[in-house]
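Visitor: Chains A and B are the protein sequences, given in the same order.
Every letter in the first sequence is one number past the one before it in this note's numbering, and letter 263, counting from 1, is 263.
Every letter in the second sequence is one number past the one before it in this note's numbering, and letter 73, counting from 1, is 73.
You can trust all of the hints, since none of them are fake.
Derived lysine to aspartate or glutamate pairs resembling EDC-like cross-links, with alpha carbons at most 20 Å apart:
(1) Lys32(A) / Glu148(B)
(2) Lys291(A) / Asp243(A)
(3) Lys22(A) / Glu148(B)
(4) Lys339(A) / Glu265(A)
(5) Lys76(B) / Glu446(A)
(6) Lys151(B) / Asp37(A)
(7) Lys445(A) / Glu404(A)
(8) Lys32(A) / Asp137(B)
(9) Lys22(A) / Glu121(B)
(10) Lys291(A) / Asp271(A)
(11) Lys9(A) / Asp95(B)
(12) Lys207(A) / Glu179(A)
(13) Lys170(A) / Glu184(A)
(14) Lys170(A) / Glu214(A)
(15) Lys131(B) / Glu6(A)
(16) Lys204(A) / Glu214(A)
(17) Lys22(A) / Asp37(A)
(18) Lys123(B) / Asp2(A)
(19) Lys131(B) / Asp2(A)
(20) Lys88(B) / Asp2(A)
(21) Lys76(B) / Glu450(A)
(22) Lys151(A) / Glu179(A)
(23) Lys22(A) / Glu143(B)
(24) Lys9(A) / Glu91(B)
(25) Lys123(B) / Asp37(A)
(26) Lys32(A) / Glu135(B)
Please keep in mind that the hints were generated in silico from the structure rather than gathered at the bench.
The primary structure of each chain is shown beneath.
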Amino acid sequence: MDRISELPKDILHRILYFLSPKQVVRTSVLSKSWRYDWCTRPNLDFSDMDFIVKMQESVSTVNNILQRYYDQRLCIQKLHRSLLLDNNLDRWVSLLKTWTPLLTLTGLKKFRLVYFGGMPAEVFGAESLEDLHLEGFTFDEKGIERMVVFKRLRSLCLRHVKFEDDVLQKIIASCPLIETLNVEGYCDWEWTSTIKLNDLRNLKNLKSNIFTFEIHPPSLETIDIRCGDIRLHRGAVFYNLRDLYLARVGSSLDHLSSCKFPRLECLDLYDCGRPEEIQLFIDAPNIVCFKCNESRVPSISFATTSREWKSDISLTPDEFSSSWFLKIKELLKSLSRSKISLTIGGFDYIVQENINTVQDNDCDNPVVVECLRLDCPYPLSSFSYLLNVTFGICRPRNIGNFHEQADAEFVAFQWKILMQRESENQDEFAHLLFRDLEDVSFEMKERNREDQWRPASLSEFILNCRQSESRFALKWRETL
Amino acid sequence: MAAETGTPTTLTLKSNDDELFSVAESAAILSVTIRNMVEDGCAGGVIPLDNVDGKTLASVITYMNGISAIPADEEKKKSYRDKFLSDKDFETLADMVLAANYLNMSCLMDAVSAKIAQVMEKKSVGWVRRKFGIENDYTPEEEAAVKEEHKWTFEGVETDDDN
Chain A
1 MDRISELPKD ILHRILYFLS PKQVVRTSVL SKSWRYDWCT RPNLDFSDMD FIVKMQESVS
61 TVNNILQRYY DQRLCIQKLH RSLLLDNNLD RWVSLLKTWT PLLTLTGLKK FRLVYFGGMP
121 AEVFGAESLE DLHLEGFTFD EKGIERMVVF KRLRSLCLRH VKFEDDVLQK IIASCPLIET
181 LNVEGYCDWE WTSTIKLNDL RNLKNLKSNI FTFEIHPPSL ETIDIRCGDI RLHRGAVFYN
241 LRDLYLARVG SSLDHLSSCK FPRLECLDLY DCGRPEEIQL FIDAPNIVCF KCNESRVPSI
301 SFATTSREWK SDISLTPDEF SSSWFLKIKE LLKSLSRSKI SLTIGGFDYI VQENINTVQD
361 NDCDNPVVVE CLRLDCPYPL SSFSYLLNVT FGICRPRNIG NFHEQADAEF VAFQWKILMQ
421 RESENQDEFA HLLFRDLEDV SFEMKERNRE DQWRPASLSE FILNCRQSES RFALKWRETL
Chain B
1 MAAETGTPTT LTLKSNDDEL FSVAESAAIL SVTIRNMVED GCAGGVIPLD NVDGKTLASV
61 ITYMNGISAI PADEEKKKSY RDKFLSDKDF ETLADMVLAA NYLNMSCLMD AVSAKIAQVM
121 EKKSVGWVRR KFGIENDYTP EEEAAVKEEH KWTFEGVETD DDN
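Generate coordinates for the entire structure from the input sequences, incorporating the hints supplied.
Guide: Here is the structure:
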């Protein structure tokens, strides 16, 4: 026999594992020994749309495949099935009813079902499951009654699964060892109850965009909550939490200030500053990266012993005013021990009178910002004012990075102001703007490469703006 | 142990055709089989690998050294694996996949399996038979029947190109 056909079956299955569903079926024509190899590989994947549509023409084909696994006592480790676009729904449901208990006996570990309709209760009897991923189901009480305790379940994902408020709490109670919980729904669903996760001793990863969660487990490593809500115990210590991502969380974040995060590396806040402004104190000795994308300027300080950490601050104000910029200054000061990137954008019409009064009137050293990015303002002529007010609150080392073709015109405009120091008002204003600026150079490098930045000319960038990124490097006079 | 003395421990591996190879322990323990032997204290002298020939073992060791020199960056590791396998013919790949299986090196096993699958992807049945020397033992009637059963998979473009 030839080399490939005589490979041990488990190796051959491994190779077939990497083939597309269509190609894998075609291997049955190669020779007699290949006739059934494809349909006993350990990942049964009915997810490919082409494959589903063709296979669904005969429920019996799938039935035969499953029969073959069962007869040979082969273990399907992963069963992935999408039953969208289905016109044989009843037959599929009955197929699932028949096969789920049998597959469980052979040790089905991962089960992923994507479909829209009622959930066959049998799925909740599959005790061997380690990983259950359900999408697009409606739960009914019957399903819950049949539910066994999933002693092995480590990962549960419910996407767009509809159920009554208290059902999730019941499901969670049946999965004592769960490590990863992912509940995603449509944002317009309304939930009233608070889901308590306090008993999940192994919960490591939590991701959701609905629900209010009461979180306590010190086992948590990642939390990713969007649109939902969280409640933390006052004074809780999150011994293992490394990533905390909160987006549009409805409740006040005040209680974070009383918690301790000894291993937190990444804190990411996205649009959490409504209705209350964020005022936070974060006890995170090992912080590596703080990201924040807000419209109101948050007030945040860190207690940390971290030597090298970075802050990535992105602010899109509702309206510009001097006080808004002064708040940024306060924020930058409290983050001044980190490497700061600051992006200010989303400008509506800028009324110059509102912003050009920020005076550098305190004696502190201005905060150094590693990289500043200002979105293109409207009208463009207000850019020099914007720059002025920004230089009033920080000392950027670089302005950039520009890497889109749309940036080219804006870069050319900035070039005029920064390199040629041209300003519409050749008066005291320009003097103020560049008072402490010693030198500006224009630099370029190839995009997405870790190359060194090198000096370049504007025309060089405009010619190559599709493949390159550019920035202005600023050198400031030592003051004070 | 090596860490205490400051010099890296070297293991000696012996292929089934009696070639000897020196390899740093830190690289060799990518193989779970070898790692278990080291942990059980059986690695003092020469480690015999009865199912791997010298040519294949040399190749596997190149891989072990290459991949363990790359820091924890999955992208870079993947591109190293792609490059490492890019010039290997099927005979070599078949030897490698058997060796990876025996040495219990799942990352190499998956990379080689995926590479072989990639060769078969989007190719006609005839091309795959020729490429891998698979003898067609169906009668024409039988073959037609199997094809008919999975008719839809034969729709669309096939290519017989070598790339």
